[in-house]
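Protein sequence lines correspond, in order, to chains H and L.
Okay, so the first sequence: first residue is 0 according to numbering that gives the first Met the number 0, each after it adds one.
Okay, so the second sequence: first residue is 0 according to numbering that gives the first Met the number 0, each after it adds one.
You may find that some hints are simply not true.
Here are the simulated lysine to aspartate or glutamate pairs, EDC-like style, with alpha carbons at most 20 Å apart [unchecked claim]:
id, chain 1, residue 1, chain 2, residue 2
1, H, Lys39, L, Asp143
2, H, Lys39, H, Glu68
3, H, Lys9, L, Asp151
4, L, Lys108, L, Asp143
5, H, Lys58, L, Asp54
6, H, Lys9, H, Glu59
7, H, Lys9, L, Asp149
Taking beta-carbon pairs under 8 Å as the criterion, some of the chain L residues facing chain H (in silico) [claimed, not checked]:
id, residue
8, Ala100
9, Arg103
10, Leu107
11, Phe147
No wet-lab data here; the hints were simulated from the structure.
Using N, Cα and C, we set each Cβ at its ideal position, and we do this for glycine too.
Here is how the chains run, residue by residue.
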Amino acid sequence: MRATVIVTLKPTVLDPQGITIHRSLASLGLTDVTDVRQGKIFHVQLKDGKREQVERLAKEVLTNPVIEEYRIIWE
Amino acid sequence: MKFGVVIFPGSNCEHDCFYVIESVLGKPVEYIWHQDTSVKGFDAVILPGGFAYGDYLRTGALAKFSPVMNAIADFAQKGGLVFGICNGFQILTEAGLLPGALLRNVGLKYVCRFEYLRTETTDTPFTNLLTRGQLLRIPIGHGDGNFFADADALKRIEDNGQVVFRYVDAAGQITRDANPNGSLNNIAGIVNEQRNVLGMMPHPDRSSEEILGSADGKLIFQSMVNALVTQ
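Only chain H is shown next, with the shape it has when bound in the complex (with noise of 0.2 Å):
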């Protein structure tokens, strides 16, 4: 099976690169778009039945928990 792991960072952690990517978008007069954050996406294959080491993965690996937060997608 397969799975996405997203990786943002935390609504109270400042994302410099979103608000730069969020500014350059005005020169697109894409106005209307009123936040960007961004973050990583990861895709994992493992064998059946061993989602438990994806939700390790996800949050001993991918994510620094001080400034970030995941969330998987099971496929």
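Given the coordinates of chain H, assemble chain L onto it according to the supplied hints.
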């Protein structure tokens, strides 16, 4: 007394640190390979600057899984001196040996220049030869040096006097312009609660001889020697 300088794949300041200890201070020093599982025989361990594991995933994120980090965590737990410089600081926060995290610089640029640091505490094995408020001129060189901790963690760090250095202007004032990366409270370096683990983004290893533009960094290494001699 023996210093150790850890080499991770991608470290690039290990020679600078080794040179300062051996040639500037004249003290024994050896390299420690990141695959080593022991730091037995060392009195102080330095995690140098660079780009361990290419900064893949996050700065310092993969270095924390190197075998030597377990040994360094035990060493720190027992009171051994651990000093992380730049990427070494990032590794120590990722490994949980220091609180907080280092985010991308607010300006998004890699910043490489001399900064003024104000000494906030002399009650550490790394600053015992300094005076409170003393200004040090030490260079930075990083893209991810923006110190962050959540409000509770930041309060604990401040209340415990764990902030060792702050970025200030030439007059010693904490200003926004003197902050090169957006660090909360202009924090440039902190110690753990036990005060035996220091992490800082600026490079004392690049400023321990006058020929490099400043010898202020030497005072930090000399403080470590002083702490080891007097302990």
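Each hint, compared with the structure:
1. H:Lys39 x L:Asp143: Since the Cα atoms of H:Lys39 and L:Asp143 sit roughly 17 Å apart, the hinted pair holds (cutoff 20 Å).
2. H:Lys39 x H:Glu68: 11 Å, holds
3. H:Lys9 x L:Asp151: Since the Cα atoms of H:Lys9 and L:Asp151 sit roughly 15 Å apart, the hinted pair holds (cutoff 20 Å).
4. L:Lys108 x L:Asp143: Roughly 9 Å between the alpha carbons, so the hint for L:Lys108 and L:Asp143 holds.
5. H:Lys58 x L:Asp54: Holds. H:Lys58 to L:Asp54 sits at ~19 Å (cutoff 20 Å).
6. H:Lys9 x H:Glu59: 16 Å, holds
7. H:Lys9 x L:Asp149: Holds - the C-alpha atoms of L:Asp149 and H:Lys9 are around 10 Å apart, at most 20 Å.
8. Ala100: 4 Å, holds
9. Arg103: 6 Å, holds
10. Leu107: Holds, about 6 Å.
11. Phe147: 6 Å, holds
Comparing the model with each earlier hint shows no violations; every hint is respected.
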